[in-house]
Amino acid sequence: MAQYIPTLDYYSGGLPKACTMYASSECYFGLNLNPMCNPSEVSYTIMPNMAYFEFLPHEPNSPRLGVSIQPVDLANVKIGKEYELVITTYAGLYRYQVGDILRVSTTQPQFQFIRRKNVLLSIDTDKTDEAELQTAIENASQLLRKFNTSVVEYTSYADTKTIPGHYVIYWELLAKDSANSASNEVSDQCCAIAHRSIANVGSQTQLGRWRSVS
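With the UniProt record's numbering applied, the sequence shown corresponds to residues 1 to 214, in that order.
DSS-like, lysine-lysine: derived pairs with alpha carbons at most 27 Å apart: (1) 78 to 127; (2) 117 to 78; (3) 127 to 81; (4) 117 to 161; (5) 117 to 127; (6) 17 to 176; (7) 81 to 117; (8) 146 to 176; (9) 127 to 161; (10) 17 to 117.
Calculated from the structure, these hints are not laboratory results.
When you get a sec, could you build the whole thing from the sequences and use the hints?
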C-alpha cells in the first residue's frame, strides 16, 4: 500500500487516516486491529470465519515455466514471503484468485497489501510493477522539491510503437511558486533518475531512455 500513501496525504490535507478492514465485493478478508496506525504500518488479520483462505506463493523473479505452484493454508505461510490471495466462499466461489499480492508481516500471521497482480508495464522481457514504478517516481520527484513542486498524480503506459520502446509517464505537478518552477533541464534530470531507479537491470538496456516532453 506504500505507493498510495503520498496521494492519500495530498488529498487528506494532513487529516488523520483510519484503515479499518480489507475487503472486496466477494468477501471480507481481514481487519486492521490498529486502525489509526501510520498508513505505512497497516497490517491485516485474516478472518477465517469469512471464507476459506489459501495463499499462492508469488515469486515474480523466479522462472516458473511448466512448474505447478501449490497454494498453502493460513497456518503455513512464512513471514516476509509474498502470496496471492485465493478464496473459497460460502456463496460458491471456489479457489477464486483475488489478484492481490500480500506480504506476511508478523507471526500471527498478519498481512500487508503490496500491490495488484499483473499491474505492470512491459515492452519486451522487462516487467515493471506499480510498486517499482512508484519508487522511481518518488526518487525523481525529490529533485522537484527544490522548486516547491510536487507530483500530485501520475499515469503511465508502455509505448511499443517506437524503437526502442519506452515508458510514457504523465505527471500532474503542483507548483507552489510559479516564479521558481522547474526548467526543462530539471525535467530531463528527473527522467534520468526515474530510468535508473527501475529495479530490473535488464529493462534498462532494453528500454529507450526516458525524456521529458512539455
